[in-house]
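Produce the complete structure using the sequences and hints provided.
Protein chains: 2
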Amino acid sequence: MTQTHAFDQLSAELNDLLCVLNVLTWDARTQMPAGGSGSRAQQIATLSAVARQRLIDPAFEHAALQMQDSGSELQQRAAGQALEAIAAMRRVPEALTRELALLKSEAQDAWASAKAASDFSVFAPSLERMVALTRQLADALGHGGQPYDALLNTYEPGMTTAVLLPLFARLRAHHVPLLRAIQARSQPRRDVLTRAYPVEGQRAFSLAAARRFGYDIERGRLDQSAHPFEISFTRQDVRITTRFQEHFLPGALFGTLHETGHALYEQGVSPELARTVLTSDLLGLYAVGGASYGTHESQSRLWENRIGRSRAYWELHYSELVQTFPTQLADVPLDDFHRAINAVQPSLIRVEADELTYDLHIMLRVQLELALINGELSVKELPEAWNARIREDLGLDVPDDAHGVLQDIHWSAGMFGSFPTYTIGNVMASQFYAAAGKALPDLEERLARGEYSPLHGWLTENVYQHARRYTPHELLERTTGGGLDPQPYLDYLTQKYSAVYGLEEHL
Amino acid sequence: MTQTHAFDQLSAELNDLLCVLNVLTWDARTQMPAGGSGSRAQQIATLSAVARQRLIDPAFEHAALQMQDSGSELQQRAAGQALEAIAAMRRVPEALTRELALLKSEAQDAWASAKAASDFSVFAPSLERMVALTRQLADALGHGGQPYDALLNTYEPGMTTAVLLPLFARLRAHHVPLLRAIQARSQPRRDVLTRAYPVEGQRAFSLAAARRFGYDIERGRLDQSAHPFEISFTRQDVRITTRFQEHFLPGALFGTLHETGHALYEQGVSPELARTVLTSDLLGLYAVGGASYGTHESQSRLWENRIGRSRAYWELHYSELVQTFPTQLADVPLDDFHRAINAVQPSLIRVEADELTYDLHIMLRVQLELALINGELSVKELPEAWNARIREDLGLDVPDDAHGVLQDIHWSAGMFGSFPTYTIGNVMASQFYAAAGKALPDLEERLARGEYSPLHGWLTENVYQHARRYTPHELLERTTGGGLDPQPYLDYLTQKYSAVYGLEEHL
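The listed protein sequences derive, respectively, from chains A and B.
Just so it is clear: in the first sequence, position 267 is 250 by the numbering used here, and no numbers are missing.
Just so it is clear: in the second sequence, position 395 is 378 by the numbering used here, and no numbers are missing.
Keep in mind the hints are simulated off the structure, nothing from the lab.
Yeah, the Cβ is synthetic: ideal placement off N, Cα and C, and Gly gets one too.
Hints should not be assumed to be uniformly reliable.
[Stated by the list, open to error] For each label pair, taking beta carbons as the anchor points, the in silico distance ranges come out as:
no. : chain 1 : residue 1 : chain 2 : residue 2 : range
1   : A       : Gly358    : B       : Ala70     : 53 to 61 Å
2   : A       : Arg37     : B       : Ile200    : 31 to 39 Å
3   : B       : Gln207    : A       : Ser169    : 46 to 54 Å
4   : B       : Gln49     : A       : Arg74     : 32 to 40 Å
5   : A       : His230    : B       : Pro382    : 50 to 58 Å
6   : A       : Glu89     : B       : Ala78     : 44 to 52 Å
7   : A       : Leu48     : B       : Glu359    : 50 to 58 Å
8   : A       : Thr80     : B       : Gln207    : 36 to 44 Å
9   : B       : Gln119    : A       : Thr80     : 39 to 47 Å
[Unchecked claim] Calculated from the model, a selection of chain A residues having no Cβ within reach of chain B, i.e. all distances over 12 Å:
no. : residue
10  : His(-12)
11  : Glu(-4)
12  : Asn(-2)
13  : Ser55
14  : His126
15  : Glu201
16  : Thr217
17  : Arg222
18  : Ile324
19  : Glu359
[As the list claims (entries may be wrong)] Chain A stretches covered by chain B per the calculated footprint, using a threshold of three residues with CB under 8 Å from any CB of chain B:
no. : segment
20  : 5 to 16
21  : 202 to 215
Written out as structure tokens, the structure is:
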């Protein structure tokens, strides 16, 4: 047996600590009694500080430098990523890190109170400090003149506003006319989605659907939580949660498929990369196998939307759903059900939005947070700016802050720069799907027979197994030959909604 | 605001890490999918090493030394305990710690396989190494000629075989004649305990019983696990588990009350002592508020047996149990039920033993592990020695190793020296109960009215709040004026079984 290199050993231990942080988060969100929140926050703070110390420890840097000279290509990549993270972490003053951590906890409390009271002014002072500190963070991390890029990069390595904003403009130019065309058509019936669906049936159907896609329950579990999420503690333990609502069937149904997509990514990471830098978000102090937030989201969207909302999927599985809920669905033909789960309707709340208006919600947030970080918009002006954009894009009046500017937790958690990754994920999902279709000429027929393993296998081979070895851009290059390209996504949306709404194609 | 002393800060962070280790353990035993066990073991190993490093770090020692000179009485006690733990941890070579950790994992696997196959020879090689390493550990920790004392002390600070063995002799001299007298009487019917009791009813009744005693569910939760346990992550999050078996009512019923006793201790710790050395088992790398294993066990036994199996308890609550299980208990008068749950019957399995024969199971184990550690008994001779003692003490033939020497996990986990604390707990339970009775002259009447808060309050005031501030001996001194004394326990057993079996008292 050869001696383990210090870099591999230290990386493994660092990954262990990040996995433990993830366990603490999972437990806090799914199991912890209310009384435990204060001491849990302290435990997380202490362990984060330990992980941070170990990251910037000269011994780790020294080991990484050695590995850069002597390691395999894989090890050199890991060492390179470690050195980048060490440098970035060192650029951020420890006082700022601590101040941000304290503010996050305080701001999330203020946000929760403000949302409950639907009163933005309760949250505004915390948000003002958060914007100021986040701007400091961006400057500390470093950027080429656009502070937002520094933030964006922590979620989506390599992405810049210079790439993002034209991409968004192109999506907007497509989405808005498509939305107007859809709004001119009659809407599908949606009452079917809000009937009474006992939770146990939802749970059984959702879990069966997750397993059908390839989710390995021997290395995972499905729980209930207020906000659905996926989290992993190495590929051997990848957990998902769902929110079951008796009177809203698609919530748990598609929520589970969404988290399953994330979970397939994490479970598909190569065993060789377990406990390495390549399954560690060293700057975020988070154990994760996905290359970026956007890449991760591409997989949740792909399995949820491309597969889970497709006509072929429901032609195969609708009868099972009817067996699970015979009385509720007795009068609902497959066609009605499929149209209902693909209905487009502008709404106030991002997490309840359909596929098309979802991106408009994202663009609105990105525009506003960019302006906040650049000082072009003050926190005080934010609610009005929000409401104006909602009216302009979606034609809706925001009745109160809870249904407007206060709906998302992200800003209170300091997650400026993360919103774009949702839309980037949509775009990438269609690119990967198209690439899989080229590689597997019978993909559609196999899917129509309920064979998900060819797609799962291709994605594992080309995306999942690599974890964070490649940047998102490299992953796209390797699979599609090019970079981020919205065309496959736009084509998909046009085709889908043309079918669902009976539009003329190529509108 | 005054500056936090380095000792308090470092102690708080160390306690945070121990709490996190407890979270990892709880999750592994109640939630983790099977696939996660390997990576979880690595996470626990890494975090244990971090905690160990922080304990023996010269900075912590320096801070403790400073505190010993300048702190309050409470802080000086904490500093003293920290210095003792630092010295003890440093006496144990890191190589031995690592070797023991690896062996524990390996030996527990071997034990599980051996138990499943009921074949001691599968476990014997691991056990041989475990005995050898444990002996090394005892010598490293240091002792005055009796290596077993060093081990015993890690569970029960201050306890020695010189005190323990005479105590055991006195218990044996009492228990064996009482058992013989009981065996000469007719046995109560016990069929009532093994009828079909749906788990949901058991769960509801058990949780209600726990809360009646004072278990705060806002700072805790009740789960299902193969081996019931209590574990805490500060007093704010104290969790218990139970094993529900449809055809064995007392398992969950008294198992829950047992763990509730442990939980009341942890929830009753003074908030002032949270995140200090006085809620840290620094040598065991375990966050715990109880003064010792024996003191902790005294509280589980007190609430389970002294209260939960008492006539007064069931006179009050039996009707609720009958309401929960009306058909199962329709033909069972209170008197029959009370006799059934207090029946004494020699059996092969410790965890299923009644209150009286339980101590005999413990003494057998202690005698054997003492002989193993001292080299007076070889691992090879162990099964035969076990079986001989079971025949002598309980009059039973051991049919196979699974029902004999392989039944407990303790030796495979390296927990030599922990068995005595179960019986010490029984003894202490009666001492504390007697002391409470002296302090609260109307205690019995209050209990008979279902008022558990006076007892809970007295125990909180005199035991729970102090956490590890006092040694077990000091706690007894403060409450009873003396040391460990088995007389109240012997009186209790005699009185109880005289009533249940209609024996002449003072036999």
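Hints and how they fare:
In this structure the supplied range 53 to 61 Å holds for Gly358/A paired with Ala70/B, their Cβ-Cβ distance being about 57 Å. Restraint check, Arg37/A to Ile200/B: a C-beta distance of roughly 37 Å satisfies the suggested window 31 to 39 Å. Between Gln207/B and Ser169/A the beta carbon distance is about 51 Å. The supplied range of 46 to 54 Å therefore holds. Under the hint 32 to 40 Å, the C-beta atoms of Gln49/B and Arg74/A, about 34 Å apart, fit the expected range.
His230/A and Pro382/B have their C-beta atoms about 57 Å apart, which keeps the hinted 50 to 58 Å range intact. Remark: the range hint 44 to 52 Å for Glu89/A to Ala78/B is upheld by a beta-carbon distance near 46 Å. In this structure, Leu48/A and Glu359/B meet the distance hint of 50 to 58 Å, their C-beta atoms being roughly 56 Å apart. Judged by the Cβ atoms, the range 36 to 44 Å given for Thr80/A and Gln207/B holds: they are separated by roughly 40 Å.
In this structure the hint that Gln119/B and Thr80/A lie 39 to 47 Å apart at CB holds, the actual value being about 43 Å. With a cut of 12 Å on Cβ distances, His(-12)/A stays outside the contact zone with chain B, its closest approach being about 17 Å. With a minimum CB-CB distance of about 5 Å to chain B, Glu(-4)/A fails to clear the 12 Å threshold, and the non-interface call is violated. For Asn(-2)/A, the non-interface assignment is contradicted: its Cβ lies about 9 Å from the closest Cβ of chain B, within the 12 Å cut-off.
Distance to chain B confirms Ser55/A as a non-interface residue, since its nearest Cβ pair spans about 22 Å, more than 12 Å. Distance to chain B confirms His126/A as a non-interface residue, since its nearest Cβ pair spans about 34 Å, more than 12 Å. With 12 Å as the threshold on Cβ separation, the claim that Glu201/A sits away from chain B is violated: the shortest Cβ distance comes to roughly 5 Å. Against the 12 Å criterion, Thr217/A falls within the reach of chain B, whose nearest CB is about 4 Å from its own CB.
Arg222/A, annotated as away from the interface, has a beta carbon of chain B within 12 Å; the closest lies near 8 Å. Every beta carbon of chain B lies more than 12 Å from that of Ile324/A, the smallest distance being close to 30 Å; the non-interface claim holds. Chain B leaves Glu359/A outside its interface by the beta-carbon criterion, the shortest separation being 38 Å against a cut-off of 12 Å. Counting residues of the segment 5 to 16 of chain A whose CB lies closer than 8 Å to any CB of chain B gives 6, which reaches the minimum of 3, so the coverage claim holds.
By the rule of at least three residues with a Cβ nearer than 8 Å to a Cβ of chain B, the coverage given for the segment 202 to 215 of chain A holds, with 3 such residues.
In summary, the structure is inconsistent with hints 11, 12, 15, 16, 17 from the numbered list given earlier, while agreeing with the others.
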